[in-house]
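Residue numbers (this note's numbering), protein chains in the order written: chain X, -6 to 329; chain D, -6 to 329; chain G, -6 to 329; chain C, -6 to 329.
Any given hint might turn out to be false.
When chains are identical, the list treats them as one kind, so a pair holds in a single copy or across two.
As the list claims (entries may be wrong) - Using 20 Å as the maximum straight-line C-alpha spacing, the simulated SDA-like pairs for lysine to any residue come out as follows:
1) LYS3 with GLU108
2) LYS191 with GLU213
3) LYS118 with ARG286
4) LYS171 with ALA292
These are computed hints drawn from the structure, not numbers from a lab. Nothing here was measured: the structure is a model prediction, and the numbers come from that model.
Protein chains: 4
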Amino acid sequence: MKRWQIEPGKGLTQVEVDTPEPGHGQVRVRMKAASLNYRDHLQVSGFYPGGSSGSIVPLSDGAGEVSALGPGVDRVELGDRVTATTIGGWIDGEYDPSMRDQSFGFSLDGWLQEEVLLPETALVKLPAAISYEAAATFPCAGVTAWNAVVETGGAGPGDSVLALGTGGVSMFALQLAKLAGARAIVTSSSDAKLERVKSLGADDGINYAQRPDWHEVARELTGGRGVDVVVENAGLLDLSCRAARSGGTVALIGVLAQFGGDEAAQHCRVRDVFLAGARVIPIMMGNRRMLERMLRAYAQHGIEPVIDSTFEVDDAESAYAALGAAGHVGKLVVRA
Amino acid sequence: MKRWQIEPGKGLTQVEVDTPEPGHGQVRVRMKAASLNYRDHLQVSGFYPGGSSGSIVPLSDGAGEVSALGPGVDRVELGDRVTATTIGGWIDGEYDPSMRDQSFGFSLDGWLQEEVLLPETALVKLPAAISYEAAATFPCAGVTAWNAVVETGGAGPGDSVLALGTGGVSMFALQLAKLAGARAIVTSSSDAKLERVKSLGADDGINYAQRPDWHEVARELTGGRGVDVVVENAGLLDLSCRAARSGGTVALIGVLAQFGGDEAAQHCRVRDVFLAGARVIPIMMGNRRMLERMLRAYAQHGIEPVIDSTFEVDDAESAYAALGAAGHVGKLVVRA
Amino acid sequence: MKRWQIEPGKGLTQVEVDTPEPGHGQVRVRMKAASLNYRDHLQVSGFYPGGSSGSIVPLSDGAGEVSALGPGVDRVELGDRVTATTIGGWIDGEYDPSMRDQSFGFSLDGWLQEEVLLPETALVKLPAAISYEAAATFPCAGVTAWNAVVETGGAGPGDSVLALGTGGVSMFALQLAKLAGARAIVTSSSDAKLERVKSLGADDGINYAQRPDWHEVARELTGGRGVDVVVENAGLLDLSCRAARSGGTVALIGVLAQFGGDEAAQHCRVRDVFLAGARVIPIMMGNRRMLERMLRAYAQHGIEPVIDSTFEVDDAESAYAALGAAGHVGKLVVRA
Amino acid sequence: MKRWQIEPGKGLTQVEVDTPEPGHGQVRVRMKAASLNYRDHLQVSGFYPGGSSGSIVPLSDGAGEVSALGPGVDRVELGDRVTATTIGGWIDGEYDPSMRDQSFGFSLDGWLQEEVLLPETALVKLPAAISYEAAATFPCAGVTAWNAVVETGGAGPGDSVLALGTGGVSMFALQLAKLAGARAIVTSSSDAKLERVKSLGADDGINYAQRPDWHEVARELTGGRGVDVVVENAGLLDLSCRAARSGGTVALIGVLAQFGGDEAAQHCRVRDVFLAGARVIPIMMGNRRMLERMLRAYAQHGIEPVIDSTFEVDDAESAYAALGAAGHVGKLVVRA
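With the rest of the complex left out, here is chain X (with noise of 0.2 Å):
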């Protein structure tokens, strides 16, 4: 079968491998769609920390059909259509460090090959509404904003969501904030792309480019009370912070806190985190519980998630180069 790996200092390639038999407690899904995160960028130009050593399959995000069942297994059978999470062992509950080797497509394989094997406990059965394509959107980027808008920010009627940029996570958050019942404001640097994100939902959008003081643009939206849950996904907590009501959230989201942005913006005034009065919380990706009430939800209400551009998985490395490019509103997918 065929695999992609990246390599250290050798970006993606593509070999070919034996498909793999599963262990005790293992299951082999089929790959049909697998997507892409902004980390994947990260990892594949160099700059992702934490991971394997070696050779690994990249992405955390996807979905397939089960193939093989290993020796006890019981949660899923043959023929079932599933995604997984992206950390195996986060059934429910708390976030433990001692997870972070549990990563798919970082330190543990992931789903860049024909045929994947998972833990049984990572699995989550599709619902007939959700298609592989959509599935494999959600491990990572869905359920971190599922987690950010739905149940760290509790948003509900009437309250009001800021996401950042028009990133796969700020795409998920839009569209949770008014399957919420919230007010969705979603912030670029484009016009287009806040005109995009108006067709999808969004009830104002704010070029930053033109308001530099766009947290207060936020904040008058929301007749000066301030907004309730800002997915911080830009590396800009001070002014993030400013945007949020005294009581609210600021759903901090980790990547971009980590490495974009210049060095500058990687500082925050803690005087503005004070007087603001949000919570600021980081956001660990989620769990399976949250997999699960996501995959309920977007089935439930027949919707769809914004998904830029689709690729055949044998031109995996042009999925690669648009999500370089960074010119997409949404996900980027691969199929096979």
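Given chain X's structure and the hints, the job is docking chains D, G and C onto it.
Chains D, G and C alone, transformed into the frame defined by chain X:
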């Protein structure tokens, strides 16, 4: 000015009184609309305990225009459109039993009069999008449903909410479930009422006269998982628990638990409560912060509460008669 | 090796079997101590439903030394001192009814054998300060009390905790209330047992045989406010609610709610539940994170669980007899 | 009667004024004790923004005896021993920025006068076991620590609490950590002060002058897991985050975040906040319900707050001088 009073043993009477002047911290409000709740039927029938021992102006829920300000008032201005909490001192946080004697329409004079004196701390300004008639339905039934579905139940996208019957609280629960992205299931003994609630947005209706196992039907509608939030408004606690999912919420609404149904229905099997694994949480209406959030949600979404009929205030007796006849779906409102 | 089994209709018998080898992800533990719970009395008496239909090795709670590792195990090492959750797959977060068939001693073989096979995910290492006998009392009764008093009840400094009776869960609830800075109130029908619980740290004892209005006595002890957390272990839900404060917690422990007391006690008046205003929350034991937190707390404070008597494992029948006689205060332990 | 005032540019002065009469809903309290907080030093030095622009009676914290009742008051009686919240209208629930202008000693006259006028809603009766001097230390520093450690941090048995420095809030955090069954770790640059805090119950002290990596030392003291609750009182947010466990709480106390330390310390690396995985939550003192709970806890346990020195009110300037000298451990109190 005109005032309506309930005197023990004498029912509702109308009297003429001098228009009162607001004292320190008080506001006079010209009543524009007021609404009736089931407990108003109990009160006028002499069955509602714990209220004033003398005559009292009934109705806990209303809205109007500020017509006079007492000394020291700074939360509102003349001409402001306002409503008020049903319990004067409950601003935020937990209910405290000492608040019981601050209940408008029961321990303190309520809204069934041309001009009402209220403490400024009880008032909430109306968003422009909210009419007086709509606002008048929120303080008791609306906020009770908000507390049950949104704050205590935490219903969100993909969750399910079961409302028992088609009274005022149930119709708000239905609307709030939909606003929050959840699935709404409603029970009734009337197919005509079930048609009506479906036209109002309910995903499913269950005729409990035809299906005495309605709790099993509700559970099946959720794929066997159980309902996330049951708005228990019928004095059927053990059956409600059996409809709920493990870890879900049964929001126990008070009036019928206290007075409705026959005596057998007033007991429940503790075993059923335990085995269901759902939390049973009594709902004592709600506080001012909840009322503010709810008004914001209805204003944002531009929806109207379900009003069955509106009566002129001089015909308030007809509103009470309709309440007693129990054929309505949604709220009964009087307007001035 | 020796193993004790319960066979339907035949009670407890001892057999000799081969020492089992751990499979993938499994660990073999040499049992050093195990403890009995009231439900073990029900099981051996044939009254406990939902368990294995064939013979089963009883006891959900134990501790021992790791004696063999199956393939793929990395959470423990040979020689580690460990205990285990009572429900194998419940790591963190919410209880899920599908976990019911992972219950050691009921659906899966438990601790009453010389060597026990357990999934590595169920194991927790013992702090050095915790003995095997102490650890063996924690998984069911201890963690149930921890869940009720600390996590669900949130008891803190200045709060009050009421434990009904002097069984294992109640004695843990007493100790945890004191550790958390709360006041501990315990009921019993025996003045001698009340003296004993006071010597164990209880602030107040109530003889419910002399004071059938024990719920009123408890309320008076809190200055009329009501108890913050009631550990409802006696099938007396409505009286427990009447002892609780508005907004407090009645933690509903399962076994007696299901099987204890006479039939009348198995029903409760919904009106009392509503008017009390306390949350009623069923407690399904607890998860691995809770067990870890509890072990850390006992180790930090250097306290011992309340153990009534310790029996040699070859005399396990005497432990069962003591359990049935119901004269104990605290836990009954067997050791190897 | 005597009154002390702070006038912009003139520091503290004493004046004679008529004893005021309480208006509607107001209570006059004969001051028996009052306490100083670090922000009182800032205020008298002219650095505290947002307060009254004219002269003001300082001190937000005090206790005394009810000496006169205004019309409509029913929460207290003549002769009652009382204290008051620092923010008049904050009864329960969330802080709201509109409450800022209800702050005694800053926007409204405070406790440094012989007789104080207060709204009855701000008052809390003292348990018999609580002295005036003790009560006078609770409203700001005590309730801030209570909010941080008990309510927001949720510290319980076996958890760990890290308090930075030996000021008033830190000493309360130490006491509350111990009351709640947690381990208390305190930092200081003085070994003598560390000895003192250990004699007050601290489990561990860290000299941050000798150990600039105090956050690593704190983490090691918890076995590498990280501290559950950090009371961040030193403007060192990123180091505090690095001391905290994943999922733990960094309670961000305001005054030093706003004014203390040098400018460099006022910024933090967002990366550290994200990677730590702890929630950062600003603490705006606390509400009346928290003050009541805290008084109940201290009364139950019979412990005293840590008071460094007590001054006669006529010598209030010495108390301010001691505050500025910063050599104290615990609170500075004036009494009448």
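Going through the hints against the structure:
no. : hint               : verdict
1   : LYS3 with GLU108   : neither (23 Å within a copy, 51 Å between copies)
2   : LYS191 with GLU213 : within (18 Å within a copy, 38 Å between copies)
3   : LYS118 with ARG286 : within (12 Å within a copy, 32 Å between copies)
4   : LYS171 with ALA292 : both (15 Å within a copy, 15 Å between copies)
The structure fails to meet hint 1 from the earlier list, while all remaining hints are met.
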